[in-house]
Amino acid sequence: MNAEELAEAVTAALPGAVSAHDDGADMPTLTVPVDRLVEVCTYLRDEQGKNFLSAVTAVDHLGYGEDVSGYYGTVRGRDINHVGSWGAAETVAAPPTRFSVKYHVAHIGSGDEPPARVRVQVFVEDGEEVPTVIPVWPTADWHEREQYDLMGIVFSGHPNMTRLIMPSDWDGHPLRKDYPIGGEPVQFTDAV
Amino acid sequence: MSTIEREHDQVVPLYTPARIPRGAPSKIDPPPGEDLITINFGPNHPSTHGVLRLIVTLDGEVVVGLDADIGYVHTGFEKNFEQKTYWKCIPYSPRMDYLGFFANELAYVGAVEQLIEIDVPERAQWIRTLFAELNRIHSHLIFLGTSGVELGAMSVFFYCLRERDRVLDLFEMVTGVRMHDRYPQFGGVAEDLPKGFYAEAKRFVHDMRLRIDEYLDLLAGNPIWRDRLRGIGTIAPQEAIAMGLSGPNLRASGVPFDLRRNDPYLAYDKLEFDVITGEKGDCYDRFLCRTMEMYESVKIIDQCLDGMPTGPVMSDNRKYVLPPRSELHTSMESLIHHFKLVTEGFRPPPGQVYHAVESPRGEFGCYLASDGGPRPWRVHFRAPSFVSLQVTAMMAHRRYIADMIAVVGSLDGVMGECDR
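Line by line, the protein sequences are chains V and H.
Just so you know, our numbering puts 29 at position 13 of the first sequence, and the rest follows in order with no gaps.
Just so you know, our numbering puts 87 at position 59 of the second sequence, and the rest follows in order with no gaps.
Calculated from the structure, these hints are not laboratory results.
Every value quoted in this text rests on a predicted model; they were computed, and no experiment measured them.
A virtual CB, placed ideally from N, CA and C, is assigned to each residue, including glycine.
Heads up, some of the hints might be wrong.
[To be verified] Here are some of the chain H residues that sit facing chain V, going by a computed Cβ distance under 10 Å:
| id | residue |
| --- | --- |
| 1 | Glu110 |
| 2 | Thr262 |
| 3 | Pro265 |
| 4 | Asp291 |
| 5 | Asp399 |
[Said to hold, decoys possible] Which chain H residues stay away from chain V? Per the calculated CB distances, all over 12 Å, these:
| id | residue |
| --- | --- |
| 6 | Ile67 |
| 7 | Glu145 |
| 8 | Tyr323 |
Can you build the whole structure from these sequences, using the hints too?
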């Protein structure tokens, strides 16, 4: 099932629940408004057989497509390789919001059918809450805590929205693009 | 133990059974009571497979509350990936799951290859398949050995490490290092197999079959081992899917889901092997699943050795692939490509991919987002250990604390991969 068919099926059941769809290189991608996320996920699980949540991934788009990825410290990054210097250089339109959260879901049957993966993504601003999908896929528990911990996305309705990987008194969310590298105070020095 | 034949179109329904804790599914709150004690199990307990801390509430010897604390070996791999060019990220990936290192490389390299749409030569795919299976044996050997030590069967550990050394010898022969090899690269593998590898690998295949028989005699034939594992940490197929288990942990519950079969990558669709499934989903089935899987891996290695096609092992797409060393002295273009790739790296088109491989622990996925720059915009790994350790609470609930050790061992978590 390609993205268009899937989007049609979802829209037929839940009007207006898919704001965009795209056939990626790997799997169909559905973009969903934040307030319809749980509805769409429940539909995908019950009607499309997507019973397996592979991963929850949050992406920070701060500075996305501006010259050099990965470098920051200045707004434009350290411009050692200007876009267009060689090869297939192309700049991209920035996503509508700073953050996006991707849910990679799959179907696990009892034979050797393919997993038929689908990516559901929501776009959120900094501080905007994303509803938890634990009622749909219980495995989302640690996935969401990890993304909260490292990226600072708050999942509303999560029963245990605490840090998972970093120490509980850590400042900031390390995977954000504006979290400095090499600049943070050295942790645990007071314990020596 | 055999593969289970089922209707292919039958969908395993997902429900939330009563056994999955309400609220946070990976945590069980202790009941109110006065005679309970809460202890720290770990982070440095020999049976926690690395640095895992379990906060266990005990009623006598019975676990009534459990919360897991992870992150002790968090090293920021994903943040590091964002600072390196695509080529320079490859050596980082195997250091996450240090037992299933080759699968990590395959996931990352596969994701980038999908993004840049590069063709991998047939022979390189077979070589990758061969080493993915050697690596699976390596990881399962460590699992067998260490879970033996945890439950008091010391001698198996030494036998398993003896065979593990032979696997690593094979790795050393081809890649030059025993672990963390950086052998797969975008567009193929670093070098072709050396002379003498075939004979050595054939000897290994022959011996390994006999060795697995020995392990089964030592462990499965041992009544204490069986009693320690049977009926412990049971998980139903629906619960396993709902909790996101994959790999041998999922297959032990009777769900024949294996990415090598269900979503074939590399050369797996040309090879004959069985997907091993268990029936009860207890610790014993998980142990047996892994052990039997080693037979299948040996089978695959044997087929790879005999059926491997000839040809190049590296793509010829010079925009992404380093030119051969010999050309650097004679070809100006090669020199330029080499210089650009090493200093600046290549720029894949903007987009996002998720590429999953069947690592020894289950579905190891790599999500990769590119903004068109020379470094990954965001890399995220779906670590099977991270997911499977979530069910510790559910499995150990109302069990003796000694059984909890069997449960944690049987899930085969690697903390380096769990915390990343």
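Against the structure, the hints come out as follows:
no.: 1; hint: Glu110; in the structure: holds, 5 Å
no.: 2; hint: Thr262; in the structure: violated, 17 Å
no.: 3; hint: Pro265; in the structure: holds, 8 Å
no.: 4; hint: Asp291; in the structure: holds, 5 Å
no.: 5; hint: Asp399; in the structure: holds, 5 Å
no.: 6; hint: Ile67; in the structure: holds, 19 Å
no.: 7; hint: Glu145; in the structure: violated, 7 Å
no.: 8; hint: Tyr323; in the structure: holds, 19 Å
Hint check: violations occur at hints 2, 7; the rest are consistent with the structure.
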